[in-house]
Amino acid sequence: MQKTMKNKISTMNKNTRKNLITYAIVIAAFAVMQTLISTGSVSSLLEGLMVPICIYVILAVSLNLVVGILGELSLGHAGFMCVGAFASAFFSKCMRDVITVDIVRFLLALLIGIAAAAVFGILIGIPVLRLKGDYLAIVTLAFGEIIKNLVNVLYIGKDANGFHFSTKDVMALDMEPDGTVIVNGPQGITGTPKDATFLIGFILILITLFIVLNLINSRDGRAIMSIRDNRIAAESIGINVTKYKLMAFTVSAALAGAAGVLYAHNLSTLTANTNNFGYNQSIMILVFVVLGGIGNIRGSIIAAVILTLLPELLRGLSDYRMLIYAIVLIVMMLFNWAPRAIEWREKYLRFGRKKKEAVQ
Amino acid sequence: MSFISYLINGLSLGSVYAIIALGYTMVYGIAKMLNFAHGDVIMIGAYMALISMTQAGMPPIIAILIAVGVCTLLGVVIERIAYKPLRNASSSLAVLITAIGVSYLLQNVALLVFGANAQTFPSVIKWKGLSLAGGKLNISGETIVTIVVCLIIMAALITFVQKSKPGQAMRAVSEDKGAAQLMGINVNGTIALTFAIGSALAAVAGVLLCSAYPSLTPYTGALPGIKAFVAAVFGGIGSIPGAFIGGLLLGVIEIFGRAYISSQMADAIVFAVLIIVLLVKPAGLLGKKIQEKV
Amino acid sequence: MALLDVKNLGISFGGLRAVNAFDISIEKEELYGLIGPNGAGKTTVFNLLTGVYKPDSGKVLLDGQDITGKKTIDISKAGIARTFQNIRLFKKLSVLDNVKAGLHNRHPYSTLEGILRLPGYRRAEREMDEKAMDLLKVFDLENYAHVDAANLPYGQQRRLEIARALATEPKLLLLDEPAAGMNPNETGELMDMIRFVREEFHMTILLIEHDMKLVSGICERLTVLNFGETLSQGRTPDVLNDPQVITAYLGE
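Protein chains in written order, with the numbering used here: chain A, 1 to 360; chain B, 1 to 294; chain C, 1 to 252.
If you're looking for bench data, these hints aren't it; they were derived computationally from the structure.
No false leads were mixed into what you were given.
Derived lysine-lysine pairs resembling BS3-like cross-links, with alpha carbons at most 25 Å apart: (1) Lys92(C) x Lys243(A); (2) Lys132(A) x Lys84(B); (3) Lys92(C) x Lys14(A); (4) Lys91(C) x Lys18(A); (5) Lys132(A) x Lys92(C); (6) Lys243(A) x Lys70(C).
Build the full structure now, drawing on both the sequences and the hints.
Encoded structure:
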């Protein structure tokens, strides 16, 4: 009796300890980089990478919630990022002269970006989550592409009479001469205030981690993982499958929206193209998740950081960047999931053996 | 007149989708996997034909045969190295993610070898086509040949699957892998054969696609590949006539959408079709519904 | 009044009448057996009772409440829990978490309480931990609490599935071939355990089984299904001596 209680407490601590280590790694990495930057010992190239790294970490962690914890493959993650980016950039550009305190304006923009992405998450999630596996993957991809497509035909202008919308061109906005174009179709939004900083990115990572890790280690997280492991059994014990799938999907979309807000406020011009909001981007985020280990949150962070830094730092490598990603994907999947590879690992390598010993 | 010409263009594009969709649908039916890299095999096929014609100066027919040969081999090699080890993996996501990796690999190898610049693809069809209604309706040779080739392939494939020994083995494997094995069918060989046929068709599709739209880049195959998958789902995945009908319908929808709604939204319209089909009739037009056993 | 009262339950799959005119009435704390040859429709009955399939005729009353055609979740909340013929555990969750998942609807707290770690979260989790450990002890699984369910030996997996079902605090427990794949020794232990569960939790149990020793050893009453039809019904010794049943099992 006492032994099991002790056993229980020690493993509960183990989970918390694991999460604390993850927080510690993130905080330490931030402290080191911030010190290096403030002492001027970091190249401007590397310094410029700090916000993008934060963006990718948030994207990878949030996608892992769907791929690793819910167990469904979403290939539309960049679409939610796109929604967050455009909604918040639109707000910031409109409010640039109204709200002059940068941080207040950015926080409001952040909330708007997150809310917009969450709404899209719910709207897309309700139909999509009725599907599963390959179909779910391809439909999320389709939705992501549709979002990117829609943004590219969106024109919004503002003049004394208010807002004008069109899906054709600037002329069709039919504005007074004093009007300004805010969203200009394929040219996107220009003149977004550059409010995103490394510190803000770092804080957003911590918030993302807090939400995701605490969600996983709660009743809701257990419900989500039980659906992943066996949907029919989960239903049989009274777990509302639709509700929890939608919850995981929406939280993930909202966090991707936050990453989009950071992205939009790190550039002066925001456009939607294949490389930033297309499925190429979604797949790149997936590479981070796979390399870090599906379902492993800390792994996602580390993979996102390394895979963003490496090609930029080793310039010679940048031509081969995507090629390396491709090979990483294939090799990781074969190594981690092929039955024969698993057998081989259990035979020759230490890890994977531990659990079995615990049983005997 | 423009309506008819759009319709014919739609059928031509749809024929290419149908040929690509066949590869998806056969592989899906038998290996129960979405071969994400299928679209990129098309691109490799087109490059092979291009090099054979422009660099080696071969006649188009030889160039096509070379493209078909290379793609067939490529399809079998991909299956053997990347997919077969994962056939009994505990997660079905594993093989899908691997397929995405293979797709990226093919694109980026092509990028390194052939460069990012678009190359002009010389049409393999020398025939000028038909001019009807006193010159008001012009149908290019590529358009007609594409539709005819698609019809021939479809007829040949249906005959093959229904009548030949290997075709029957394919149907058996797609019904029940375990039972097929017990009946003495070479399951691995049958799956490899399916990939070989699908990839050979992809090469043909690549040449036809680039003859009609003569700009070739390493990304040429990706979007048509995904759209062809949409076509396969539309028609009912696993069904050969379904791939044909789905492909034609999708081609027509795309061309009409481009012409009458918005050229920028054409892709979005195609994807919207996919979403609607999957939500309203998940098994597609001609597919079978499968229920999970409890 | 009977705890479970089923009248005229039936379902067809594309022309095939899988279950027809199925009646059953189970009293509180009864141990009831559902037997029959392969393909007789036993698991289909379970799927009808738990809302996996919707019946096209008949009525199901649980403790007086009409649950006919309701969704699986609602039936679970109404008080039916089950195990599966081919074990369905949450393989990548720990043994403890499998049981805690079963407690899902018994100790609710909001998502916000969970994420912000408010007192409601701590209280509910502590209660769940205690209850789950108690259940694991009943099934001799407490030492495996933190092992992944997938790594449990087969027999323990079967027991964990029963523990998880009991965690939902059901009125009626459905066991689908609990002894499948067990050796006579293990089956013996299982029989003791099922009896114990009935006593300890005052549980009503309906079980599907092929093992005649188990069935005749613990079931008070039996229903025999054959080709979707009820062949015989009544007290165990009477049913097992029914010539019709003997014919169905041994062939003519």
